[in-house]
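J.: For what it's worth, my numbering labels the leading residue of the sequence shown as 6, then goes sequentially.
Don't read these hints as lab results, they were simulated from the structure.
Please note that a few of the clues may not be correct.
Said to hold, decoys possible - Quick list of in silico lysine-lysine cross-link-like pairs, DSSO-like style, CA-CA up to 30 Å:
id: 1; residue 1: K30; residue 2: K42
id: 2; residue 1: K53; residue 2: K36
id: 3; residue 1: K81; residue 2: K30
id: 4; residue 1: K42; residue 2: K58
id: 5; residue 1: K53; residue 2: K42
id: 6; residue 1: K53; residue 2: K30
id: 7; residue 1: K21; residue 2: K36
id: 8; residue 1: K34; residue 2: K21
id: 9; residue 1: K58; residue 2: K36
id: 10; residue 1: K81; residue 2: K58
id: 11; residue 1: K53; residue 2: K81
id: 12; residue 1: K21; residue 2: K42
Every value quoted in this text rests on a predicted model; they were computed, and no experiment measured them.
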Amino acid sequence: REYGKNWSRSMDYPSKRWFTEPITKGPYKGKMLDQAKFDILLDMYYAKRGWDKRGIPTLTTFERLGLRDVAQQLSKIIPLTQ
């Protein structure tokens, strides 16, 4: 991941073609990813990890892991959520 002010969930998306171009061969021929379903799964994954909707660990997660000092430094670059 590239860390910084432009950190967003888009960094966790596969290539756009996975949502727009069907697979051409194999058992999944003709299938594509559904963007809405992918977003739901991404939200579930983030919640399980203790991350916010951007894919950034929450302040609570940093504190639970004993990383309050890391959270303080990171919060100078990007806002952290509870």
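J.: Now tell me, hint by hint, if it's right for this structure.
T.: Consistency of the hints with the structure:
1. Taken as a hint, the K30 and K42 pair is honoured in the structure, with Cα atoms around 22 Å apart against an allowance of 30 Å.
2. Proposed proximity of K53 and K36 is supported: the alpha carbons are some 27 Å apart, at most 30 Å.
3. Taking the CA atoms of K81 and K30, the gap is near 48 Å; set against the 30 Å cutoff, the hint is violated.
4. Taking the CA atoms of K42 and K58, the gap is about 15 Å. The hint holds against a cut of 30 Å.
5. As the CA atoms of K53 and K42 are separated by approximately 17 Å, the hinted pair is consistent with the 30 Å bound.
6. With a C-alpha separation of about 33 Å, the suggested pair K53 and K30 falls outside the 30 Å cut-off, and the hint is violated.
7. Proximity of K21 to K36 is assessed by CA-CA distance (about 14 Å); at most 30 Å being required, the pair is judged to hold.
8. With a C-alpha separation of about 17 Å, the suggested pair K34 and K21 falls inside the 30 Å cut-off, and the hint holds.
9. Restraint check for K58 and K36: satisfied, since their Cα atoms lie roughly 27 Å apart, inside the 30 Å limit.
10. Restraint check for K81 and K58: satisfied, since their Cα atoms lie roughly 19 Å apart, inside the 30 Å limit.
11. Between the alpha carbons of K53 and K81 the distance comes to roughly 25 Å, so the proposed pair stays at or under 30 Å and holds.
12. For the given pair, K21 sits about 14 Å from K42 by alpha-carbon distance, which is consistent with the 30 Å threshold.
Consistency with the previously given hints fails for numbers 3 and 6, ordered from lowest to highest.
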